[in-house]
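Trainee: One letter stands for each residue in the lines below.
Number of protein chains: 2
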Amino acid sequence: MGNIISGTPIAQAIKEEVKKEVTALRAKGKIPGLATILVGDDPASQTYVASKIKACAEMGIESFHHKLPGRTTEQELGALIEKLNNDKKVTGILLQIPLPKHLDADRLIEKISPDKDVDGLTPASIGRFVSAKSWDEIVKNKLLLPCTPSGIIEIMKKSNLEIAGKNAVVIGRSNLVGKPIAMLLLANNATVTVAHSKTKNLEQLCSAADILVAAIGKPNFVTAAFVKKGAVVIDVGINRTEKGLVGDVDFESAKTVAGHITPVPGGVGKMTIAMLMKNTVLATLK
Amino acid sequence: MGNIISGTPIAQAIKEEVKKEVTALRAKGKIPGLATILVGDDPASQTYVASKIKACAEMGIESFHHKLPGRTTEQELGALIEKLNNDKKVTGILLQIPLPKHLDADRLIEKISPDKDVDGLTPASIGRFVSAKSWDEIVKNKLLLPCTPSGIIEIMKKSNLEIAGKNAVVIGRSNLVGKPIAMLLLANNATVTVAHSKTKNLEQLCSAADILVAAIGKPNFVTAAFVKKGAVVIDVGINRTEKGLVGDVDFESAKTVAGHITPVPGGVGKMTIAMLMKNTVLATLK
Chain A
165 MGNIISGTPI AQAIKEEVKK EVTALRAKGK IPGLATILVG DDPASQTYVA SKIKACAEMG
225 IESFHHKLPG RTTEQELGAL IEKLNNDKKV TGILLQIPLP KHLDADRLIE KISPDKDVDG
285 LTPASIGRFV SAKSWDEIVK NKLLLPCTPS GIIEIMKKSN LEIAGKNAVV IGRSNLVGKP
345 IAMLLLANNA TVTVAHSKTK NLEQLCSAAD ILVAAIGKPN FVTAAFVKKG AVVIDVGINR
405 TEKGLVGDVD FESAKTVAGH ITPVPGGVGK MTIAMLMKNT VLATLK
Chain B
165 MGNIISGTPI AQAIKEEVKK EVTALRAKGK IPGLATILVG DDPASQTYVA SKIKACAEMG
225 IESFHHKLPG RTTEQELGAL IEKLNNDKKV TGILLQIPLP KHLDADRLIE KISPDKDVDG
285 LTPASIGRFV SAKSWDEIVK NKLLLPCTPS GIIEIMKKSN LEIAGKNAVV IGRSNLVGKP
345 IAMLLLANNA TVTVAHSKTK NLEQLCSAAD ILVAAIGKPN FVTAAFVKKG AVVIDVGINR
405 TEKGLVGDVD FESAKTVAGH ITPVPGGVGK MTIAMLMKNT VLATLK
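Keeping their order, the protein sequence lines are chains A and B.
Counting with the working numbering, you get residues 165 to 450 for the letters of the first sequence.
Counting with the working numbering, you get residues 165 to 450 for the letters of the second sequence.
Keep in mind that the hints are not guaranteed to be accurate.
As the list makes no split between identical chains, a pair holds if one copy fits it or if it spans any two.
[What the hints assert, rightly or not] Heads up, simulated SDA-like pairs for lysine to any residue below, C-alpha to C-alpha not over 20 angstroms straight-line:
#1 K362 to S298
#2 K306 to I195
#3 K231 to E326
#4 K252 to L369
Don't read these hints as lab results, they were simulated from the structure.
Since this is a predicted model, take the numbers as computed values, not measurements.
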């Protein structure tokens, strides 16, 4: 039976590192500051932003919240982003998505300076880490990585799970998870396969993986039959069902075969805010 | 025995399309213009740039050549790029690499406006096509793709070779070829694996591929044993040996098993300049 990797203590360890970094930065007169932008009244988004602001306070990071009405125009939001790009007190900018439908999220995200892009979502940020020749280069250049994929790498490294030379299969090719985690596993010298809805023989493909990342948004999709004995199984799914929050992995089934497995909730999801805090510090160090 | 795919007629067909587009653009008063920048006296680079300028003339594209001395500073070159970014006559900018060692190529490439980046090398250009959700989106948004990878997709499409649902293996993870071709095959709905020097059981992995792309820079590395019967084999290698120019694929051996195979020379290499011309037109349409 597989070892269950809890995200909670790993996220806590990251936050402790961040706190120390912030203290050191403040001693040098450098204060990390996160600007959060929320457009409209979506309750889930309000909750997410509130928990990010709370985390900033815990870390000693300044936060600057901008709450805009749902009718905000693209020009107005663009002007705010431009202002924050040029504001020295703001070292990181977070534009909470989804945006109201009349706003072009891709075009607005692209306006965020890649040096302040703590969500790692701008094309320039993506291009920078995709082009990096190794994980060492990513770390050395303090690249801002998208939070969920970088949280997965952190979980694996802090759990001493080998990535180099392993056969990794990522199910799902979203911009938020599938594609970036594939590129980060590659930078860590895994042989990486990206599978998706058009993939044939998915079960067979997955069952050869030493590292299996499920990011497809289908509750309990990955059963024991998909899992190689002893494999590392990372569940990125967050599916709200009648039985509560469940992942893309059928945990009870898969854990009988996996060597290591992350639960939902309490796994990868715990890492996101910690990695956002880490990015805000990295952006201050630039 | 495999069908040999010659790049020559496919490149020619692209160039004919480009010529027609240029004529149509000129009729509307829009003139595509490519600025080429060559720093120093590297003979190979001089030859490459000369052939690009010649192709422009054949297509009816204006060209603006900037030849700078090898001692040019990063500041001077940066200022030139900035000037060209703001020059309306210049719709595409090509900075010939490699640059002299005292110049930071990555930093200078990043200065090129992604809207004029006809080599598809800036982080923002890479991020744009990596983030695209489908090939249709790439085409619709007229994204500027790096020339060799987009030439490979063009070869496959013009040869009516199916990509969707196929198992593709890319050997090599360079920024110029391996990583971008993997992302473009993924955008075309292949299941994509990126293999490299740290990959275990490479021969076995490759021999399950419906599409095998070799981009590793090792002469004649891929033999028949790596090739699934009937597979499409794309050879991106350009290795200068005592016996002349050879690819990464052992052509005589691999063609006995492959269904379709590109030769070296005369395959993928023929596409590069045609795709550069196509990008210069796309950049004018933006």
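Trainee: Within a copy, between copies, both or neither: where do K306 and I195 come within 20 angstroms Cα-Cα?
Mentor: This pair counts as within: shortest intra-copy Cα distance 17 angstroms, inter-copy 41 angstroms.
Trainee: Cα distance capped at 20 angstroms. Does K231 pair with E326 within a copy, between copies, both, or neither?
Mentor: neither (43 angstroms within a copy, 48 angstroms between copies)
Trainee: Is the C-alpha distance from K362 to S298 at most 20 angstroms within one copy, between copies, in both cases, or in neither?
Mentor: Result: close only across copies, 12 angstroms inter versus 29 angstroms intra.
Trainee: As a check of your reading, is K252 near L369 (CA-CA no more than 20 angstroms) within one copy, between copies, both or neither?
Mentor: neither (49 angstroms within a copy, 50 angstroms between copies)
The structure fails to meet hints 3, 4 from the earlier list, while all remaining hints are met.
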